[in-house]
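Asker: Please construct the entire structure, taking both the sequences and the accompanying hints into account.
Residue numbers (the numbering used here), protein chains in the order written: chain C, 1 to 171; chain G, 1001 to 1279.
Careful, some of the hints might be misleading.
Claimed, not checked - Calculated lysine-lysine pairs in the DSSO-like style (CA-CA distance at most 27 Å, straight line):
hint: 1; chain 1: C; residue 1: 102; chain 2: C; residue 2: 138
hint: 2; chain 1: G; residue 1: 1049; chain 2: C; residue 2: 119
hint: 3; chain 1: G; residue 1: 1193; chain 2: C; residue 2: 74
hint: 4; chain 1: C; residue 1: 160; chain 2: G; residue 2: 1158
hint: 5; chain 1: G; residue 1: 1191; chain 2: C; residue 2: 160
hint: 6; chain 1: G; residue 1: 1158; chain 2: G; residue 2: 1127
hint: 7; chain 1: G; residue 1: 1245; chain 2: C; residue 2: 73
hint: 8; chain 1: G; residue 1: 1173; chain 2: G; residue 2: 1203
hint: 9; chain 1: C; residue 1: 74; chain 2: G; residue 2: 1275
hint: 10; chain 1: G; residue 1: 1174; chain 2: G; residue 2: 1211
hint: 11; chain 1: G; residue 1: 1049; chain 2: C; residue 2: 144
hint: 12; chain 1: C; residue 1: 48; chain 2: G; residue 2: 1049
hint: 13; chain 1: G; residue 1: 1276; chain 2: G; residue 2: 1194
hint: 14; chain 1: C; residue 1: 138; chain 2: C; residue 2: 79
hint: 15; chain 1: C; residue 1: 128; chain 2: C; residue 2: 167
hint: 16; chain 1: C; residue 1: 102; chain 2: C; residue 2: 66
hint: 17; chain 1: C; residue 1: 73; chain 2: C; residue 2: 119
hint: 18; chain 1: G; residue 1: 1245; chain 2: C; residue 2: 66
hint: 19; chain 1: C; residue 1: 167; chain 2: G; residue 2: 1191
hint: 20; chain 1: C; residue 1: 128; chain 2: C; residue 2: 102
hint: 21; chain 1: C; residue 1: 73; chain 2: C; residue 2: 22
hint: 22; chain 1: G; residue 1: 1127; chain 2: C; residue 2: 70
hint: 23; chain 1: C; residue 1: 102; chain 2: C; residue 2: 22
hint: 24; chain 1: C; residue 1: 74; chain 2: C; residue 2: 167
hint: 25; chain 1: C; residue 1: 74; chain 2: G; residue 2: 1276
hint: 26; chain 1: C; residue 1: 79; chain 2: C; residue 2: 135
hint: 27; chain 1: C; residue 1: 22; chain 2: G; residue 2: 1245
hint: 28; chain 1: C; residue 1: 73; chain 2: G; residue 2: 1049
hint: 29; chain 1: C; residue 1: 119; chain 2: C; residue 2: 160
hint: 30; chain 1: G; residue 1: 1234; chain 2: C; residue 2: 70
hint: 31; chain 1: G; residue 1: 1276; chain 2: G; residue 2: 1174
hint: 32; chain 1: G; residue 1: 1211; chain 2: C; residue 2: 66
hint: 33; chain 1: C; residue 1: 167; chain 2: G; residue 2: 1275
hint: 34; chain 1: C; residue 1: 52; chain 2: G; residue 2: 1049
hint: 35; chain 1: C; residue 1: 144; chain 2: G; residue 2: 1027
hint: 36; chain 1: G; residue 1: 1276; chain 2: G; residue 2: 1193
hint: 37; chain 1: C; residue 1: 70; chain 2: G; residue 2: 1245
Since the hints were derived computationally from the structure, they do not count as laboratory data.
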Amino acid sequence: MKYILSPIFFCLLNYCSFAQEKLPAAANLPEQVGDIIFNPQTDQYNFKLCDKDNIYQYYGLNTSYKGDIKALKKELFAKIKYQPQFTTVNGSITIRFIVNCKGESGWFRVYQLDGSYQKIRFAPAFVKELSDAVKSLKGWIPGKLPDGTVADTYFYLYFKIVKGHLKDITI
Amino acid sequence: MKKCLLTLICLINACVVEAQTNCNVYKDKAHQLACQYYTDAIEYPQGAKASQQLFIRSLEACVTFGPTLHEMSVPYLKRGDFYTWKLLMDKAVQADPAAYLGDRGWCYFKHLHDYQNCYADLYRLYKLTNGQPGYTGDGDYDLRLLMAISQREMGNNKLAMYYFNECIRDHEKKNAIGLFDYLHRGVTLLKMKKYAAALADLKLEVQKYQKLADTHYYLGLTYLALHDTRNATKSLNHARDLFLKTGYHRTDPYCEEPDQVYLTDITEVLATMGKKGSQ
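Answerer: Structural data, given as C-alpha cells:
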C-alpha cells in the first residue's frame, strides 16, 4: 500500500507548493495572454480602437516609433530624471498599453517587480513619473496587417531601475 | 523502501523527458496524459485561452512536465508578464536543468538584458555539458557567445574575451563559424580599444556576411579610431547604402539585437565627419 501512496503523496506535495505560487488559474484566463480589458475608472473613453475584437501583438505587425526604438529610448531617458528620494527603488517596471490604428496610445497597465522578479509596489510618485513619460510619447507608428491596413496592437516597455536610476529600457 | 525510491525516480524521470509527439514514450498514465494535453494545447494559437487551459490540465496531470511549463511560459514573456514567465520557467528548469537552462538564460539576455542571471544560467549549463551548452532557441547564437556578451555588458572584458576566443576557436576547428561570431568579438575589441584586432575580426565578418550594414558601420568606427578617414568614410557610406538599399541590418520583431545599429547611428557619424572635414 505504501508503494502506491508514496508517488501520490509526492505529486500532491508538488501540486500544493506549485498552486501556492499563483500561476494562472483556468477560471480567470483572458481570451489571450496579456489582454487589457477596458476599465471605466482608469481608462479614457476618448481613446478609440479600430477593431476592439482584434487587437494584435506589436511583434506580429511591426508597431514602431518615429526614429525607431533608439529615438524612443532617447526621449524617455531625457524625460525620466533621477530624484534622490527614490534611491531605494530597485527592480523593474513594465508598462503595457495599446497603440491604436491612429498611432495613439491608451489603456496603460503597470507591473512592478523587485530585483528577484517578485511583485512589489514602488513609491507611487516614481511609478507616475514613468507612466506619464510613456503616456507623453507621440511618435507611434501603428502596426500594419499584411494587406497594409493599420491595426490596433499591444505594446510594452520594460524599465530597469537600480537605486532609483533608470538603467535600461527594453521591449 | 527500494521500490518506493524507484517509483519516485521513475516518476521524476518521466516528468523531465523531452516532449514527444508520441506520448506513449512515457511509461505511466500521468505523464502520458500530461503529454497528450500538451500536444493538444500547442495546436491552438500561442497565448490563446484554449491553449492555456489545456496547459493547465497538463500540469494538473503532471506538475513537473517540462515541455508544458516551458511552452506555457512563452506568451507571458513575449507580452511583458515577466512574473508569470519566470514562475513557469523556474519550474521547467527545476524539472530538467539541462533542457531549459539555455532557454531561460537566452530569455534573460534577449528580453530583459539581465546579464547576471543569463550568465549564471549559461555557466551552469556550460558545466553540465562539458563546455558545449548548445545554441539559442532561434539558432542564431552559440550560448558561449551570450556568456561572452553578458560578461562584456557587466564590464568584464577579460572573461568576455575568454568565452569569445574559446567559442570561435571551436567553431573554426569545426568549420562552423556562426553568422555573427566575428561581429560581436570585433565590436568588443573595438570597445576595448584594440583596434588592429577589431579590424581583423570585422574584416572576417564581412567575408562571412558581406551585406550586413552593422559590420560596415563598426568597420567605419574602427578606421576612424585608427585615423584612416578615407576608409572610414568608405565603410560608413557603404553601411548607409546597405541599410537603405541593397543590404541587410540587424533587426528582430521582439527586441533590439545585441550591437544593433540604427540608420541614425551611421548618419550621425557621417555628419560629424563632414563637419570636421569642412572646418
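Asker: A separate judgement is required for each hint: does it hold in the structure or not?
Answerer: A quick look at each hint next to the structure:
no.: 1; hint: C:102 x C:138; result: holds, 11 Å
no.: 2; hint: G:1049 x C:119; result: holds, 24 Å
no.: 3; hint: G:1193 x C:74; result: holds, 26 Å
no.: 4; hint: C:160 x G:1158; result: holds, 26 Å
no.: 5; hint: G:1191 x C:160; result: holds, 23 Å
no.: 6; hint: G:1158 x G:1127; result: holds, 19 Å
no.: 7; hint: G:1245 x C:73; result: holds, 26 Å
no.: 8; hint: G:1173 x G:1203; result: holds, 19 Å
no.: 9; hint: C:74 x G:1275; result: holds, 23 Å
no.: 10; hint: G:1174 x G:1211; result: holds, 24 Å
no.: 11; hint: G:1049 x C:144; result: holds, 24 Å
no.: 12; hint: C:48 x G:1049; result: holds, 25 Å
no.: 13; hint: G:1276 x G:1194; result: holds, 24 Å
no.: 14; hint: C:138 x C:79; result: holds, 13 Å
no.: 15; hint: C:128 x C:167; result: holds, 17 Å
no.: 16; hint: C:102 x C:66; result: holds, 14 Å
no.: 17; hint: C:73 x C:119; result: holds, 25 Å
no.: 18; hint: G:1245 x C:66; result: holds, 19 Å
no.: 19; hint: C:167 x G:1191; result: holds, 19 Å
no.: 20; hint: C:128 x C:102; result: holds, 25 Å
no.: 21; hint: C:73 x C:22; result: violated, 33 Å
no.: 22; hint: G:1127 x C:70; result: violated, 37 Å
no.: 23; hint: C:102 x C:22; result: violated, 37 Å
no.: 24; hint: C:74 x C:167; result: holds, 12 Å
no.: 25; hint: C:74 x G:1276; result: holds, 25 Å
no.: 26; hint: C:79 x C:135; result: holds, 11 Å
no.: 27; hint: C:22 x G:1245; result: violated, 50 Å
no.: 28; hint: C:73 x G:1049; result: violated, 33 Å
no.: 29; hint: C:119 x C:160; result: holds, 14 Å
no.: 30; hint: G:1234 x C:70; result: holds, 24 Å
no.: 31; hint: G:1276 x G:1174; result: violated, 46 Å
no.: 32; hint: G:1211 x C:66; result: holds, 25 Å
no.: 33; hint: C:167 x G:1275; result: violated, 32 Å
no.: 34; hint: C:52 x G:1049; result: holds, 17 Å
no.: 35; hint: C:144 x G:1027; result: violated, 47 Å
no.: 36; hint: G:1276 x G:1193; result: holds, 22 Å
no.: 37; hint: C:70 x G:1245; result: holds, 21 Å
Violation of the numbered hints given earlier is confined to hints 21, 22, 23, 27, 28, 31, 33 and 35; the remaining hints are satisfied by the structure.
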